[in-house]
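Peer 1: The sequence shown stops at residue 1749 when you use our numbering, and every number in between is there.
Note that these hints are calculated values from the structure, not bench results. Among these hints, one or two may not hold up.
Straight-line distance between alpha carbons at most 25 Å, and here's what the computed SDA-like set of lysine to any residue pairs gives [unchecked claim]:
1. K1649 x R1632
2. K1402 x G1358
3. K1410 x Q1435
4. K1649 x V1607
5. K1151 x V1139
6. K1505 x R1632
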Amino acid sequence: MSRYTIPDPEILQEEIEASHQRCRQLKVDPNQDLNLRQQKLKTKELQLRLERNHEFLDIATKHIEELYQCVAGAGFVVTLADQDGYILHMIGDQPLLERMAKGNCAPGYRWTEQDVGTSVISLCIARQIPVQIHDDEHYCLRGHGFTCSAAPVFDPEDHLLGVIAMSGPVQRVHPHTLGMVITVSRAIEKEMKVQRASTELKIRNHYMHTIINAIDSGVMTIDRTGRVREVNNYGRRIFSWVDPLEGTKLSDLLGNQVKIQQLMHTGQEIIDREMFIQGPREKYNILCTIKPILDPLEKMHGYIMIFHEIARIHKIVHAMAGTQAKFTFQDIIGTSPALTETKKLAKSAAERKSTVLLLGETGTGKELFAQAIHNASNQRDYPFLALNCGAIPKELLESELFGYAEGAFTGAKKGGRPGKFELVDQGTLFLDEIADMPSDMQVKLLRVLQTGEVCRIGEDFPIRVNVRIIAATNADLKQQVRQGNFREDLFYRLHVFPIYLPPLRERQEDIPLLADHILARSLKNSHSSLSFSPEATKRMLKYSWPGNVREMENVIERAVNIADGPAIGPEVLNVSASVTQSTTSFQGDGSYLEKLEKQAIMDVIQEMEGNLAQASKKLGIARSTLYKKIERYQLNLP
């Protein structure tokens, strides 16, 4: 039997007779007016039950009130009961309401077969079908004289929620009354299903909005007209100067970088394309992906755009790729007055944003100091990149520093490539061997220092960057300026905070401590236990160390590999005892430094019998740098 159709009279009569039989088994007295044992809820219990059924009540109450309006004044009452038979709500003509209340038919009373015998509420709950009962078909006397119709109400999961019943004098019996009640119950179920679906959709939308707003990427939807429909919090922050963002044309945000109408026509998508945003004061770049929004029939309704700030991507890449400075001032070994004063100056430089110029001989630890300054500065959480200006061919140096646009030159990477300045934005760029930078590049570097903007090769609009420069050189830049090899204006831009790094010969007392530190580091992954003999220490103190710390590292590493015993003697150090400690200091005119460097290179090349690979390793410099110095000093190779 369908819950939505009027039952066949014969079948309904069988159901009524079966209910009477159950009532007799329950020993319900058919002659009673009132059942003193009938269950009734206390006020607080009724309130709790009303709250538990609030969704059912909110929807059903509207419908039963509309149903009552159809029969108002005809002596009818419409009743709403829950799945347990407890009456929750009644509406009807006042005289009948009062009469029924005297028979315990009021909110809070339970109407099951056990309580009241056969009634439309009790039978409808027991069999979960529409029922209609007249006069003495009610099991108990209290129901005689009434005609009643009822229909069950189910929730979207097909669980019984309760019953809608309409009662009136038997003289008012009408065959369509039950149909009206069934229609109302069906309407309640449909509205509840729609409301549940709407609530579920709202919850899903809330979850979706929460997820999208938690994403550290901009998410934006664009409709078929090319206007912004929705955008998440990250996207609002990127376009913070546009308010409201919804309804804005995408072309107003990205210019002609994206032809959205053309995309709509072709259905194409854009994957990881770099684009530029014109803010109120500056331009900055984003990485953008745009994909079509399709319905199940593959019809296009718009696009979704996902975008990230390039600077943030660079920061993540640097963190994963290890482009962070790893050395601190604690890694700079030595307690000599000269080194202590230098570290004091460097720590002071770290507290400022000024450009730093590190001056010193090869191997004195210029990059070590640069990293330590970075890690002690406010830029410590941002990238640190080092670039050797003398090791990169002139043709590549510009693209390394400033990047290039797609198609800027033959072989240019699709989509272009950011330069070091963009990659290190908010961080520190260490420019080693700055004296070797070509003159045309000096002009471009000067412009970046002056404006804080870079232009990629092949593009004419600037990109704002905030980069701290630490430059380093072993040359006398003042002399380079006088000779016309280095721009004077750039020199003064770099020479804001000069720091002189003393060579080993000027901090003799640090040599034993530094040598022991290097030895311990060399033995870190070894089971060997080595130390320096007193003679070896004396030899190291007498040696001038033209290659400074870098040379000492190479000498000690070699000694560790060939040492045959618990102590490293002078015979395995491979340093010439005839090269004694010099008392001349680096004063900045460059003449002594160049003479010393020239002589040191000649000595090492002769010692290595002309093997430049071994000579560069012993000197602690790159082979390409050695070639340049040979050419600079016009040395004759053996």
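Peer 1: Decide, hint by hint, whether the structure agrees.
Peer 2: Results for each hint:
1. Simply put, K1649 and R1632 have alpha-carbon atoms about 21 Å apart, close enough for the 25 Å limit, and the pair holds.
2. Restraint check for K1402 and G1358: the C-alpha separation of about 19 Å stays at or below 25 Å, so the hint holds.
3. Distance restraint check for K1410 and Q1435: the Cα-Cα separation of roughly 48 Å exceeds the 25 Å cut-off, and the hinted pair is therefore not satisfied.
4. A distance of roughly 40 Å separates the Cα atoms of K1649 and V1607; the hinted pair therefore is violated under the 25 Å criterion.
5. For the suggested pair K1151 and V1139, the alpha carbons sit about 17 Å apart, so the restraint of at most 25 Å is met.
6. Of the pairs offered as hints, the one joining K1505 and R1632 is violated, with about 37 Å between alpha carbons and a cut-off of 25 Å exceeded.
When each numbered hint is compared with the structure, violations occur for hints 3, 4, 6.
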